[in-house]
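**Student:** Residue numbers (the working numbering), protein chains in the order written: chain A, 30 to 221; chain B, 91 to 214; chain C, 44 to 662.
Just to be clear, a hint being listed does not mean it is correct.
Stated by the list, open to error - Here are the simulated distance ranges between beta carbons:
id	chain 1	residue 1	chain 2	residue 2	range
1	B	PHE105	C	GLU49	54 to 60 Å
2	A	LEU90	B	ILE135	23 to 29 Å
3	C	VAL373	B	ILE135	30 to 36 Å
4	A	LEU177	C	LEU623	45 to 51 Å
5	B	ARG132	A	PHE137	49 to 55 Å
6	C	PHE646	A	SER218	37 to 43 Å
7	C	LEU623	A	SER218	17 to 23 Å
8	C	ILE388	B	GLN167	26 to 32 Å
Please keep in mind that the hints were generated in silico from the structure rather than gathered at the bench. Glycine included, each C-beta is placed from N, C-alpha and C at the ideal position.
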Amino acid sequence: MTAVPAPRRVAFPAGLWGMLMVIATEGMLLGAFIATYFYLRFKAPVWPPHGDHAPPIATTLILTACLVATSAPMAIASWSAAAGELAKTRLALVIALIVQCGYLAYEFKDFSDELHKSNIVHDQYTSIYYTLLGADHAHVFFGVLLNLWLLGKLVTGLTRYRVRAVQAIAWYWHFVNVLTIVIVGTLLSAHA
Amino acid sequence: MTVKRLSRLQWFGLFGGAVMLAAGHILGIGLTYAECNVGGARWGIPNDPWEMAILLTAAFVMVLAAAASATIIAQTQGTSYDDDPPLSRIRFFAIAALLANVLFTIIMILDLVGNVFNVVCRQG
Amino acid sequence: MVVVTERLTRLEHQWQARPGVLGWLTTTDHKRIGLLYFWTTLVLFGAGGVEALAMRTQLARPNQHLIGPETYNELFTLHGVTMIFFFIIPMTTGAFGNYLLPLMLGARDMAFPRMNALSFWIFLGSGIFLYVSLAVGDAPNAGWFNYVPLSSRHYDPGHNIDFYCLGVIFNSIASTLTAAQFIVTILKSRAPGMSLNRMPLFCYAMFAAAFGLLFALPTLSADVIFLFLDRNVGTHFFDPAYHGSALLWQHLFWFFGHPEVYILIVPAFGIATSIIPAFTQRKMVAFPLVAIAELLVVFIGFGVWAHHMYATGLPTMTMIFFGAATAMVVIPSTIQVFSWCMSFIMGTARFNTPLLFIAGFIFMFVMGGLTGIMFVAIPFDQQVTDTYFVIAHFHYIIFGAAVFPIFGGLYYWFPKVTGKLPFDRPGQIAFWIIFVGTNLLFFPMHILGLIGMTRREYTYPSGLGWEPYNFAETIGAFITTAGILLLLGNLVYSYFRGVESGPDPWHGPTLEWTVPSPPPDYNFAVIPTVRSAYPNWEPAPPYEWLDRGHQQVESEGVDGVIGDIVGMPHESPWPPLLALTLLGVFAMLVLGKFEIAGIMGIFTLLTLVGWHSKEPQES
Chain A
30 MTAVPAPRRV AFPAGLWGML MVIATEGMLL GAFIATYFYL RFKAPVWPPH GDHAPPIATT
90 LILTACLVAT SAPMAIASWS AAAGELAKTR LALVIALIVQ CGYLAYEFKD FSDELHKSNI
150 VHDQYTSIYY TLLGADHAHV FFGVLLNLWL LGKLVTGLTR YRVRAVQAIA WYWHFVNVLT
210 IVIVGTLLSA HA
Chain B
91 MTVKRLSRLQ WFGLFGGAVM LAAGHILGIG LTYAECNVGG ARWGIPNDPW EMAILLTAAF
151 VMVLAAAASA TIIAQTQGTS YDDDPPLSRI RFFAIAALLA NVLFTIIMIL DLVGNVFNVV
211 CRQG
Chain C
44 MVVVTERLTR LEHQWQARPG VLGWLTTTDH KRIGLLYFWT TLVLFGAGGV EALAMRTQLA
104 RPNQHLIGPE TYNELFTLHG VTMIFFFIIP MTTGAFGNYL LPLMLGARDM AFPRMNALSF
164 WIFLGSGIFL YVSLAVGDAP NAGWFNYVPL SSRHYDPGHN IDFYCLGVIF NSIASTLTAA
224 QFIVTILKSR APGMSLNRMP LFCYAMFAAA FGLLFALPTL SADVIFLFLD RNVGTHFFDP
284 AYHGSALLWQ HLFWFFGHPE VYILIVPAFG IATSIIPAFT QRKMVAFPLV AIAELLVVFI
344 GFGVWAHHMY ATGLPTMTMI FFGAATAMVV IPSTIQVFSW CMSFIMGTAR FNTPLLFIAG
404 FIFMFVMGGL TGIMFVAIPF DQQVTDTYFV IAHFHYIIFG AAVFPIFGGL YYWFPKVTGK
464 LPFDRPGQIA FWIIFVGTNL LFFPMHILGL IGMTRREYTY PSGLGWEPYN FAETIGAFIT
524 TAGILLLLGN LVYSYFRGVE SGPDPWHGPT LEWTVPSPPP DYNFAVIPTV RSAYPNWEPA
584 PPYEWLDRGH QQVESEGVDG VIGDIVGMPH ESPWPPLLAL TLLGVFAMLV LGKFEIAGIM
644 GIFTLLTLVG WHSKEPQES
């Protein structure tokens, strides 16, 4: 019988594969929402329909840029965790969390205000608009919860498990940021 | 050819054609929706040239992927699919990819011919 | 010898299952979870079967009123939903897949054992959720594909469709978790030396089904989310009066629905490709082509969805794409049929019960496949869509290509699971009864469809010439039921009176036949290495005992290289608790109590936090 070799990593651990599966399934779900947007759009003579409006370009792009920029501190957190640098990991996570919470707070207020102005039940445009945007915000919200949980875990230091958790959650955030770009692009395309 | 090169060719053979089938299929259907629906028609996208471009590009990549797979099969003569990896694994996936890409190319050709000769926006 | 006994004792101690009911409730052992799935799906199969028999009894003669139209609507809807979501998928993936995948891969358990348990408890919760709807008289009633506008609030104001929407999402969480589980396990938990070209075809089949589930289920979820919003919030996704689209439902549904039907049969292909080598004592002809064919069927199958919509007024130029893909999706299935038949011819076939069912499966699958090819022709499809011809087609495929291999698989792996040999003669008799019964039940449906009987009719007038076919089908249904009862009864009898089977009664090719029957909690005392796709026929020197803890090997990459030793969880209460909170969420949603559903959602999140409070041991 051969001796057990020292562990060596040439491929992703199971935990990261698990996060890839989450990304695949959620990506497909939001992909179906986006396909629905375009399907309904192709059927409509005017888009947005009369009485509806496309989201404002400038504000939307600025907010999206802020959110997407949090991929940088998340990536830094991931590398720092792999290198065993606890303080740096925590700092990067806190920075990311502050921006993400700020984004979410603004969007929550903005979403409610818009709903008051133009109800979700107005027509097919508002139906898909608020559902798509709401789904994106829900994914950001869940990511914020994950970051909070992670910071809680890191209070007592880094372990192999927690390093993988940081890496997996960083991947989740990269996915959410790409998703936000695609969704914002879809919603802004109504200006075209 | 080195094992590393063969391995890269093998992955291209396995996934290149498949990715192009997914893209060609979705874009091809999307184009027909743009053509045949009031919302898309106002963009004035010419259906035939775009369909031909998308489907021919996809078919070209599929043919390349099939050629890559055939090359690997030729280069790994004497290896059985059941032998020790990596050469056996590379040969195994090349055999699989050759079949897959032939099928994908036929789908593209059928799509192309059908679309060129059947440009009706009503149910036939 | 003393050292071996000591090591076995240590392994048994490390892997020993918690005794009693609590042990079963908190289990994370893939074998126990497989058995839990088996028993639950068997009960649900019975429910689906009773629904079928009720419908056949109603249709035996014209102008009968044993069952009214409203109840009939619920029966055919529940029959479809039960058989697809609550029998075939969980039986093939949840029962067979869970029990056998780690054993065939040379692993001690799945990659995520607690998530495996969670899949089962969520599945059970979703089954209870759906059948509560029947108990309260609000069962789904718009068909298993639930088309709008019939399923909209305007035409179906009760809770029926809300049960459908939520039940289907609830169930799909379980299947999605199973799919993710299978993919990661196959990529990370193979025995040393098991490169992907040496992986058993059963595992390829499960891999294909898992990819299908992962990418198809979200579209169904999106569809029913939109319908739930339309019905309960007042949105207009499907409402033409507000420029929504009823066809949108169909596109999204069939984008899921067609891969779903391939997901139904591909694991069964995997069962067939396990039984054939064992009972012909010959390696599968064209092994690489069969492996890729299983993946191609699902992959190309994602591109054919609108062939269910040929009669909806889609533009011809759109339908071209679906016709082309549908024509080509036949080829991988045909390659597999040829390979199976050549393996029969070139090997030494022993027609015990398992192989008989596979022979029956090939016959039924080819019959169903031939009518499937007929549907590729759009003009023909437009004539027979929504008639009994379609029902004949898909029942030949589903019953023939999914249920027959399940029955064969039950007899094939019965010795491994129970340690007893099943009595073969009653099994063979049961096969012939079921074979005659199903052909009598489903063949006349082709003719009925061609002479005009549409599907989902609760009764029909006399004088149309439909009577003899319907009557024959009802007789066939009862004959089939008798055969199934004999089949299952024989297994029960064999469990109590059967001869000890030993570890390898069939001289099977794969790794599960190298361990005792039934397998110990730790599966493999010594982690095996693999140097062939048929490791029991071409064994390799074993790898290592791995008895220093509750551990298994994590492998790397496509070539099955050893990567790491990982600690595995013991029994855990979190999976059933999480499933219970989710049941609470869905129950509150169907009652329209959205705030309480939100509170239950918070409980779900808290349970998730609790789940992750204990970390695995650092190695």
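**Student:** Which of the listed hints are broken here?
**Tutor:** Violated hints: 1, 4, 5, 7; rest satisfied.
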